[in-house]
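Colleague: Residue numbers (the numbering used here), protein chains in the order written: chain A, 1 to 123; chain B, 1001 to 1173; chain C, 2001 to 2411.
Keep in mind that the hints were calculated from the coordinates and are not lab data. Misleading hints may appear alongside valid ones.
Said to hold, decoys possible - Straight-line distance between alpha carbons at most 30 Å, and here's what the computed DSBU-like set of lysine-lysine pairs gives:
| # | chain 1 | residue 1 | chain 2 | residue 2 |
| --- | --- | --- | --- | --- |
| 1 | A | Lys115 | C | Lys2065 |
| 2 | A | Lys116 | C | Lys2381 |
| 3 | C | Lys2374 | A | Lys116 |
| 4 | A | Lys115 | C | Lys2381 |
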Amino acid sequence: MTEGHLQTYVPLLIHMLVAMGLAGALLLASRWVGPRRPSRAKLQAYECGIPPLGDAREPFAVKFYLVAIAFILFDAETMFLFPWAYAFRDLGWFGFGAIGIFILFLAAGDIYLWKKGVFDWNR
Amino acid sequence: MVEQFTFYFFAALAVISAVLVVTVRNAVYSAVFLITTLLATAGIFLQLRAEFLFVVQIILYVGGIMVLFVFVVMLVDLDVALRQVQFNRQKWVALLVVLAVAGQLVFALALGSEALGLPAAAPESLEPNTESVGLRLFESYMLPFEIASILLLVAMIGAVLLGKRQKPPRSEA
Amino acid sequence: MTLFEAYPLLLVALVKTGILLFLALTAVAYLSWFERKVVGHIQSRLGPYRVGPHGLLQPLADGLKFLFKEGVEPQGADRLVYYLAPFLALSLALSGLAVIPFGPAEIEIFGVRTTLAVAEVELGLLFLFAITALGVYGVALAGWASNSKYALMGGLRSSAQMISYEISLTLSVIGVVLLAGSFNLREIVAAQQGYWFGAVPRWFLLPQLVGFLCYFTSAIAETNRAPFDLPEAETELVAGFHTEYSSFQFAMFFMAEYTAMVIASCLATLLFLGGWESPLPTTGAFAWTVYLPTVVLGGGGALLLVDALRHHRGFARGVLALLGALLGGAAWAVAQPMILPLVQGPFWFLTKVFLLLFVYVWVRGTLPRFRYDKLMAFGWKVLLPVATLNALVTALVVLLRESGGLAGVLR
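With these hints in hand, go ahead and build the complete structure from the sequences.
Modeller: The following block contains the structure:
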């Protein structure tokens, strides 16, 4: 491990550990200090004062999955755009053409999703 | 010293949580352990100075693909999942096969690691390498890169075809 | 490099982390006071004014109250994940602060020269995006673990919203990366040095105005703030993913949200507003601007002292006078020739961050909440294409300029 590497990531690691320690300490402190008087009604899930009905974890609208899939695909697109943006002065027009074709395909996909109504929540 | 310690820490974390992914019965716990595995792998990337890969691993795998997993798994009815019979009655056979394959791998590596021509890792010589990732991607691997975009397009169409095959139930969310 | 040699490094890192986290948590606490005050005045109310003068001790009272309240674990909740979610949310949000540089100066701690950032990460920008990408789990897991319908729906909704706007958030900064050619936050600021026509600062705000608007809109949605605060749409979802959270677990979600706001504003300042660069030239007729930190701190201190003596008595007068004296002392300190160059960067940086935070609050006080379908449509149909086009047009313009205009291309 090089010195620069250590210089960079050891402070980062320490910071993250301290942040986690702080969050954990706050959680524990509030559990330790706060009172604990559970009762049946208090522990019930909040449903506007009506006794809870059925299980909360039920299959949901398929929309959420479609949005998540679209997200993954466009996320992959941005991950490809980043190295291009970084090296783009060296790549020049050639790189621009390459990324243009790449984005063209994804734009076609975007238009397809759009026409199919994936982005229309109430269709 | 530090290098070896960090490597074994991340490697152990990855392996242990990977085992937990398949042994834990609660699906959300499995997802959380899979996230831990992927994060530990990202840590190994970082230790190898592949900073860009580290970021991609986190943003794409942990922050992207695992979100979809969690979406699916969140809505599983836990009681039903717990009552279901597990289909791993042949676990001893599986263990045997795994051990055999692992033995073969170790044997092959011990015998022929020279022949594989694995380059020696030289972390001191590795400069910040995001730029070379970009240059390589667009110069040497141009065609695979463009094909990736077609793959993404196909995946989009597939997702819509599968997701919108029948009229979605009118459970508004 | 052995661990022993790294020892001063560890110590310095610990000190810097301690100072940063203390300041950040104080800032987050007072951001809540600031928000309530500003929104109050926007709505012709006074906002908090009972705990201490001008309600200045309100954050302290709130914190103590959160700490001493009962933490209820709802029936059927998954205990481990129920506590994991707020822990994740807060520790991730605080981790993001580590890579933000606050100024160009270097300070000396225990004989080690060190910069005004906990960690100098080469890919700082991408690291922050990675942290943002992980943030969705705090929300999703909280919604799942609570075993409540409102919490689950709220968790699903806000995670779908967060991932949708994450795309435009990352795409909107590609233009900046194209112009600066780096993911290093310091190099991005360095690329914004200087002035056009000797007076207009060369910030990326002007060439990347579209990118900035996309970024800030996405950042508001990404941090689940009004007008995109759908997860907390109390009229339909009670309180969204944190419906079943009480006591400090609840406070931790809030602290995470405010920290995320601070980080988003810091990033906007670094990427688009020139970071710690002064908007005024510091030479010639504007040389006096180096004393602006002194003027601002001293003026604030004087105002507090006058207010204490004229409108308050007893305890409130003491608190205000103490604060005024502290500000006055700070004003004197930053005018010292040794400290003067050190505070220039942080002063301008924090001023810009403060302005952006004010815009955050202002937007919340002004705009009504979006409808969920409109929100999703806006993210995918407007922001995503605009951010992509912005990146392409930026690349086109830069390439055209570097090859000497259209004629250069055709040659």
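Colleague: So, for every hint listed, does it hold in this structure?
Modeller: Consistency of the hints with the structure:
1. A:Lys115 to C:Lys2065: This hinted pair is violated, its Cα atoms lying about 51 Å apart.
2. A:Lys116 to C:Lys2381: holds, 13 Å
3. C:Lys2374 to A:Lys116: Given that 30 Å is the threshold and the Cα spacing comes to 17 Å, the pair holds.
4. A:Lys115 to C:Lys2381: holds, 11 Å
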